[in-house]
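2 protein chains.
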Amino acid sequence: MTSYLQDGAEIYRRSFATIRAEADLGGLPADVARVAVRMIHACGMVDLVRDIAFSADAVANARAALLAGAPILCDATMVAAGVTRKRLPADNEVVCTLGDSRVPHLAARLETTRSAAAMELWRDHLEGSVVAIGNAPTSLFRLLEMIDAGAPRPAAVLGVPVGFIGAAESKEALAANDLGLEYLVVRGRRGGSAIAAAALNAIASEEE
Amino acid sequence: MTSYLQDGAEIYRRSFATIRAEADLGGLPADVARVAVRMIHACGMVDLVRDIAFSADAVANARAALLAGAPILCDATMVAAGVTRKRLPADNEVVCTLGDSRVPHLAARLETTRSAAAMELWRDHLEGSVVAIGNAPTSLFRLLEMIDAGAPRPAAVLGVPVGFIGAAESKEALAANDLGLEYLVVRGRRGGSAIAAAALNAIASEEE
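Each protein sequence line maps, in turn, to chains A and B. Per the working numbering, the very first residue in the first sequence carries number 223; after that it's consecutive. Per the working numbering, the very first residue in the second sequence carries number 223; after that it's consecutive.
No lab work stands behind these hints, which were simulated from the structure alone. Every residue gets a Cβ at the ideal spot worked out from N, C-alpha and C, and that includes glycine. Where hints are given, some of them may not hold.
Said to hold, decoys possible - A partial selection of chain A residues facing chain B, derived with a Cβ cut-off under 8 Å:
| hint | residue |
| --- | --- |
| 1 | ILE233 |
| 2 | ILE241 |
| 3 | HIS327 |
| 4 | ALA389 |
| 5 | GLY413 |
Pulled out of the complex, with its shape left as it was, chain A reads as follows (with noise of 0.2 Å):
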């Protein structure tokens, strides 16, 4: 049998050292580069930098607003899931209304998936959130519409929504908002619910 490391931190150190080392983080200001690493060491690809694009006080603001007790809203309950709750500062609320029984009528009354239609029970939650959408495109064009139309405004958005039919143009449309929205996103296809509770947890605390 194959031996192998067994102390966890260790393998966080060990683990971490490896994205720094490979990872060209030179280009980013430290609070983005500390969210990148966690964001690469979800996915496991150290080239997933070059896909990263930031507002200046993204960071700062999510950070600012967590410690506020600001909720996190994450589309898909993967990415709920993902967000480790001994780092929030402050026991913050995780929101994820996309299981909520009145979406899927919602979805038919709206015309739109469900994960779109999950986003008009945000709106209690929005103000000073930060939302973190890891899975659904149309997720995060409905944000944009709803906050576009007056709907309040998070801190800051973590858009990595992934795949094929929408997903680059939603963080196109994010990362080129003129709604004075601070964001983070990975640009292109890639993306998940991974790496969105990564940059989610890189935020919370500044634990490696």
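Following the hints, complete the assembly by docking chain B onto the known chain A.
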């Protein structure tokens, strides 16, 4: 505001059509190709297919086990959260022992990670189960050790841990196993809970 496709079924259809057009699925048996498509869908990377390795009966065995009511054993809560319950053919139990209150003590006693220690609590569920490992290399290493030492054997192991320390090695060890374990892996660093859950979901139902 950008216009975007809002018909969920059509988004799925176009996504899978894009993957089948772009991914090199030619070398795969039909059952594995169907699983590969859904794994690619979960990560946005058509070149994932080049790293997929499998034993001949892995998908068929896992499918038969699920139809017969086998439990699904997941190393991480994110994997468990990603299993689409309505796709399961026999209301199969989804087991994740990582959060069990006995795990920290077990990890200290066994001098290993919590992810590896949590495998000890799988023993009563292992026989004929379907294993989906999407996070921790130490879970996969420990599982192989346990089976090598005589623990009951699962029907198949979906081995998709991710990362920089031990991930590639643990998957190579699974693919090279001489225990007669049926397996499906993603070689190298790539993997993760979304890909593991997608593989399980593809096996659970033939519906795209």
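Tested hints:
1. Hint on ILE233(A) holds. Least Cβ distance to chain B is approximately 5 Å, under the 8 Å limit.
2. At about 6 Å, the closest approach between the beta carbon of ILE241(A) and any beta carbon in chain B falls short of 8 Å, and the interface hint on this residue holds.
3. Given hint, HIS327(A) at the interface with chain B, is violated; its Cβ is 15 Å from that chain's nearest Cβ, farther than 8 Å.
4. The closest approach between the C-beta of ALA389(A) and any C-beta of chain B is roughly 6 Å, which is under the 8 Å cut-off, so the hint is satisfied.
5. The criterion of a C-beta within 8 Å of any C-beta in chain B is met by GLY413(A), whose closest approach is roughly 6 Å, and the hint holds.
The earlier numbered hint that this structure contradicts is number 3, and it is the only one.
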